[in-house]
Amino acid sequence: MLSVCHLYPDLLNLYGDRGNVIAFLQRCRWRGIPVDLQEVNMGDNINFSQIDFLFLGGGSDREQNLMAADLGKHRDKLAQAIDDGLVVLSICGGYQLLGQYYRTLDGKEIPGLGILDHYTEAGEKRLIGNVAIEMELDGRKVKATGFENHGGKTILKDDVKPLGKVLSGYGNNGEDGYEGARYKNVFCSYLHGPLLPKNQELTDYLIKQALKRRGMEEKLTAIDDSVEQSANERMLKRLIKGA
Amino acid sequence: MRLCLSAAVAGGKLSSLMSKFAGGRGSSLPGVVARRIYPHALRELSTQGKKGIIMVTGTNGKTTTNNMLAKVIEADGHRVIYNEEGANLITGVTACFVRYSTLTGKVEFDYASLEVDEASFPKVVKEVQPNIVVVTNFFRDQLDRYGELDKTVQVVRDSLKELKDVTLVLNADDPLVAQLGVTTGHNAVYYGIAQQQGMERAVAQTRESRFCPQCGAELQYKYYHYSQLGDYSCESCDFKRPRPDVEGSEINITEGTYIAEVCHSGECSSLNLHTTGFYNLYNGLAAFAVGRILDIDLTTIQEGLKMYSPGIGRMERFRYNEKPCFLNLVKNPTGYNEGLATLLSLPGTKDVFMALNDNAADGRDISWIWDVDFEILAKHQQELEHFICSGTRAEEIALRLKYAGVPTTKINIIRELGDAIPAVLQGEGETVYFFSTYTALWPSQRILGSLAEKEGQHAVGMSSVS
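So the sequence lines, in the order shown, correspond to chains A and B.
Just so we're aligned, residue 16 is where the first sequence starts under the numbering used here, counting upward by one.
Just so we're aligned, residue 302 is where the second sequence starts under the numbering used here, counting upward by one.
The following block holds chain A by itself, in its conformation from the complex (with noise of 0.2 Å):
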């Protein structure tokens, strides 16, 4: 049995995020492997020992304040758990808050959790549109798109990877080329679309890690992913010339 974990979907319920849990959650039952979901809101209790998968969205300012302090609670718990392998996808302002910390355009620094090394400066114009870019997931090359909508410029330091290179839109800070962060299981990105549900590989990477962890039969089956693949070669036709 696997456990996925969506953090705050009540509260950060914007830019359909939670399709990324959908999409985790349906892949696993197609196969057959059992499942179970289940939504942790503000004040409940957090075992990450019994979490498989863990989503963490982005919200409205006011809701993602309210989310980061809640969350600052379980703070010391998810970083053990994250350092034990847990597999994480965080979306935007997620991947922002497991971060160093946010700098806001008049210099003020609000804290994150500290957890990855990355931090986040505000930029002048939001970054927004469709975007590929390229990652490497079992040593293969593997496309991915979707759609990015930040005010928030990210800069990677030493023990973070990115997720991708650009090779159509902003990723990261519009300036470096990178998209996204990893850090042991733990996979950033700004990509909404939502992420998972049209980058299927990326998804059965992640439910291949959870398994892994559990000491579960790691192979997958094979499943028809026609309309997948129409959905994403579609967009990378339009942003990449001759793709």
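Just so you know, these hints were derived from the structure itself, not from any lab.
Careful: at least some of the hints might be erroneous.
Here are a few chain B residues that face chain A, going by a calculated C-beta distance under 10 Å [unchecked claim]:
(1) LEU304
(2) MET319
(3) PHE512
(4) ILE667
(5) ILE670
(6) TRP671
(7) THR693
(8) ALA695
(9) GLU696
(10) ALA699
(11) ILE715
(12) ARG716
Even glycine gets a Cβ: it sits at the ideal position worked out from N, Cα and C.
Chain B: place on chain A using the hints.
Same frame as chain A, now just chain B:
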């Protein structure tokens, strides 16, 4: 400056004519041209009214509410001008006045009834002073255009505060709207719907506002109608659903007609709307409330509402051979969820068409479809024959359906609208239901109109789109 105004009106009208020759709709172009020639055109045209100006803003239901309202005012014998096609940016509002104006810049009207885009509202009220403002609801819409919902609400609230001598007509069931009565300090009339029995609704819907707009504590609900609309109260301060001045209840739907009871000042009567969709009852109640404020008598309001027929894509009805077809514009999760509820309320088997475009006017980010509860469709598979997915992001809507649990054997992707629409009409289902985002709506309506017959009790007043 009569000469400038006259030049602006003439320029606007000319551009409209030229655009129609070129095959365009041209609904806001005259406004663009007129404003360019004479920036005060809107201000000067809009002050010529004899009785008053009403504005309708909010996320969903603006066009329907405004068109219902115009029918109510017309039924009372007034001359009303309104932007019936839903061109609701400042250019569209200007175009509306230009269309009704003489070449010398004179426009005769008692009332102007204007739907105004939420984000354009501050700009419009700087030039046009409304006497009544209706706010329908606030839902998430086209995020990459407006930023986040809180900001939209704030923008509307701030510009309302600056207005003088205005009466607000507010949806009591939406906490984000109802708060405007207190926060702006204006005189407010509330409308709402009483608790309903036995209506099937998706339960885990996206709810926009979980928190008290006054103190930030979590709101408690006695019941929900849909999304965040319902009977709410805050436990830590005195904020709660205001008692509606106009309240609807006891709803029957028969043959595409809504029959509701509406109570106002202790007096109850029946309300017939020639449309389907629960949300349209809200629109009818808003129009009713404005009618009462304008002292229009009950029977006249009822007559006016009967004259209303749905506009393009607002549950517009067609018939293909013997098959009823419905065309439903969808712009955001809440509207889509309501559309799905309406689809499932129809008798018999259905074929479903879903067009998803990602042009600027649709919202370039299509991820909002993951906030729609398509999962409800998987539970009703037996009555749903086929889904034809179309538009610039056809594959994404197909993907969404797949992950909602709809069998892939029932899902087809046909990108071109011109191929997809004939295909869905040929389906086995007894009814065909069309969902379309904004920029796919007009071409879909045109193609559907060429293949199927337009229906409706009061098809008069439908503007040509060819």
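Quick rundown of the hints versus the structure:
The criterion of a C-beta within 10 Å of any C-beta in chain A is not met by LEU304(B), whose closest approach is roughly 41 Å, and the hint is violated. Hint on MET319(B) is violated. Least Cβ distance to chain A is approximately 32 Å, over the 10 Å limit. The interface hint given for PHE512(B) is met, as the beta carbon of that residue sits about 8 Å from the closest beta carbon of chain A, less than 10 Å. Hint status for ILE667(B): holds, given a least beta-carbon distance of 7 Å to chain A, under 10 Å.
The restraint placing ILE670(B) at the interface with chain A holds, with a minimum CB-CB distance near 7 Å, inside the 10 Å limit. Here the hint on TRP671(B) is kept, as its CB sits about 3 Å from the closest CB of chain A, short of 10 Å. For THR693(B), the shortest C-beta to C-beta distance to chain A is roughly 9 Å, which falls under 10 Å, so the interface hint holds. The beta carbon of ALA695(B) comes within 8 Å of a beta carbon in chain A, closer than 10 Å, and the hint placing it at the interface holds.
A hinted interface residue such as GLU696(B) counts as satisfied when its beta carbon comes closer than 10 Å to some beta carbon of chain A; here the least separation is about 4 Å, so the hint holds. Interface hint at ALA699(B): satisfied, since its Cβ lies 5 Å from the closest Cβ of chain A, which is below the 10 Å cut-off. Using the Cβ-Cβ criterion of 10 Å, the hint placing ILE715(B) at the interface with chain A is not satisfied: the shortest such distance is roughly 12 Å. Of the supplied interface hints, the one on ARG716(B) holds, with its beta-carbon coming within about 9 Å of a beta-carbon of chain A, less than 10 Å.
In this structure, the hints that do not hold are numbers 1, 2, 11, in rising order.
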